[in-house]
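Student: Input sequences plus hints: build the corresponding full structure.
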Amino acid sequence: MKAPSREARDDPAGCGGAARRPIAGPRGGGGRLMGSRDRQMAELARIARLQADLELRRYAGYRGHAEAMRRHVEDTREELTAAMAAPASDRLDQWRLATALVGYRAGQLHQAEEALRRMQPALDAARAAAATAFGRAEAIAELRRLTARQEQEQKARRTS
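Be aware that the sequence shown starts at 1, since it is given in full-length UniProt numbering, and climbs by one per residue.
Simulated from the structure, these hints should not be mistaken for laboratory data.
Cβ atoms here follow ideal geometry from the backbone N, Cα and C, with glycine treated the same way.
Check each hint, because a few of them may be wrong.
Simulated restraints on C-beta separations [as the list claims (entries may be wrong)]:
1) Ser36 x Ala156: 13 to 23 angstroms
2) Ile47 x Pro121: 42 to 52 angstroms
3) Gln152 x His65: 16 to 26 angstroms
4) Leu97 x His65: 27 to 37 angstroms
5) Ser89 x Gln120: 17 to 27 angstroms
6) Ala156 x His65: 50 to 60 angstroms
7) Ala141 x Glu114: 38 to 48 angstroms
8) Arg71 x Gly103: 18 to 28 angstroms
9) Arg157 x Ala128: 36 to 46 angstroms
10) Gln154 x Ala115: 15 to 25 angstroms
11) Gly135 x Ser36: 20 to 30 angstroms
12) Ala100 x Gly135: 33 to 43 angstroms
13) Ala125 x Ile47: 15 to 25 angstroms
14) Glu153 x Arg39: 13 to 23 angstroms
Tutor: What follows is the structure, given as structure tokens:
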């Protein structure tokens, strides 16, 4: 069995030494790296906004679907109420038809309510994901504003 090379021993993560090299200098970056940090923050903020927009659109789609299902449940409930309130005929065939219609509407109502109940967890998850993504985007934007303000204050202190 061959012994591992010196590079493999010194770089257990196998990243070509990139893990050992700091991205910025020992003080968190020098003057010329600050522009790079600002660009990175801007890119991170852009990605976070895009992700938040995607999650908000996804939630809006789920919410629209759930609202349509709620309207369907209400319409079916109204139809069932109207079918039950219809005057019963003295004829047996009319009575059987009315009973079958009420049974059919009750089955439809049960199916629609069950579908609405099944979609509720996905709606809640989409709402939570949208809120998280939006909060993340806002936090990154606020962090970017704070770092820009700190850099301006440091620059003002250096010049005075």
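Student: Quick check on a hinted range of 13 to 23 angstroms for Ser36 and Ala156, using CB atoms only.
Tutor: 22 angstroms, holds
Student: Do the beta carbons of Gln154 and Ala115 sit within 15 to 25 angstroms of each other?
Tutor: Check failed, 58 angstroms falls outside 15 to 25 angstroms.
Student: Could you see if the CB distance from Ala141 to Glu114 stays within 38 to 48 angstroms?
Tutor: Since Ala141 and Glu114 have Cβ atoms about 42 angstroms apart, the given range 38 to 48 angstroms holds.
Student: Holds or violated: the 17 to 27 angstroms window for the beta-carbon distance between Ser89 and Gln120?
Tutor: 40 angstroms, violated
Student: Could you see if the CB distance from Ile47 to Pro121 stays within 42 to 52 angstroms?
Tutor: 28 angstroms, violated
Student: Given the hint of 20 to 30 angstroms, is the C-beta distance from Gly135 to Ser36 inside that range or not?
Tutor: 26 angstroms, holds
Student: That 13 to 23 angstroms hint for Glu153 and Arg39 (C-beta), does it hold up?
Tutor: 20 angstroms, holds
Student: Is the distance from the Cβ of Gln152 to the Cβ of His65 consistent with 16 to 26 angstroms?
Tutor: Since Gln152 and His65 have Cβ atoms about 47 angstroms apart, the given range 16 to 26 angstroms is violated.
Student: Taking the Cβ atom of Ala156 and the Cβ atom of His65, is their distance within the range 50 to 60 angstroms?
Tutor: Distance hint for Ala156, His65 holds at roughly 53 angstroms.
Student: Taking the beta carbons of Ala125 and Ile47, is their distance inside 15 to 25 angstroms?
Tutor: Because 21 angstroms falls inside the window, the suggested range holds.
Student: Does the beta carbon distance between Arg157 and Ala128 stay inside 36 to 46 angstroms, or does it fall outside?
Tutor: Holds - the Cβ-Cβ distance for Arg157 and Ala128, about 43 angstroms, lies within 36 to 46 angstroms.
Student: Verify the CB-CB distance for Ala100 and Gly135 against the hinted window 33 to 43 angstroms.
Tutor: 53 angstroms, violated
The structure fails to meet hints 2, 3, 5, 10 and 12 from the earlier list, while all remaining hints are met.
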